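Throw the hints in and build the complete structure from the sequences for me.
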Amino acid sequence: MRISVAEAEGKLAELVARAQRGEDVVLTQHGKPALQLVSVAQSPLSPEERLEVFAKIRKRARKDPSPFEGDAARSQDFLYDEFGLPK
Numbered sequence: 008m009r010i011s012v013a014e015a016e017g018k019l020a021e022l023v024a025r026a027q028r029g030e031d032v033v034l035t036q037h038g039k040p041a042l043q044l045v046s047v048a049q050s051p052l053s054p055e056e057r058l059e060v061f062a063k064i065r066k067r068a069r070k071d072p073s074p075f076e077g078d079a080a081r082s083q084d085f086l087y088d089e090f091g092l093p094k
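Counting in this note's numbering, the final residue of the sequence shown is number 94, and the numbers go up one at a time with none missing.
Note that these hints are calculated values from the structure, not bench results.
Please note that the accuracy of each hint is not assured.
[Stated by the list, open to error] FRET-style restraints, in silico, Cβ to Cβ:
#, residue 1, residue 2, range
1, R65, S11, 44 to 52 Å
2, L22, K70, 43 to 51 Å
3, V47, L86, 34 to 42 Å
4, E89, V23, 31 to 39 Å
5, E89, E30, 57 to 65 Å
6, S82, G38, 40 to 48 Å
7, E30, F85, 45 to 53 Å
8, A24, V60, 43 to 51 Å
9, F90, V12, 45 to 53 Å
As the structure is a computational prediction, the values presented were derived from the model and not from experiment.
Ideal placement from N, C-alpha and C gives every residue a C-beta, glycine not left out.
Here's what the structure looks like:
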């Protein structure tokens, strides 16, 4: 469903209900899409499962060093010539 922002005023509850049912709700300004109402899905993981996933990520991060090691101040030198101008 496409509806102008001006027309959507006062219909927010109805538009939210439609989005929650899975309908595409696009608000337009001057005939162009401006934003879309999207239902936020619940996480398929329980809080305990999420904590377990984070623990695995932390463990792997401690074991594997970051691939971005090096001097950040010099990380983009390849973009410039010896005079400091873009190549």
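Problem - Enumerated hints in conflict with the structure, sorted upward - result: 4, 8
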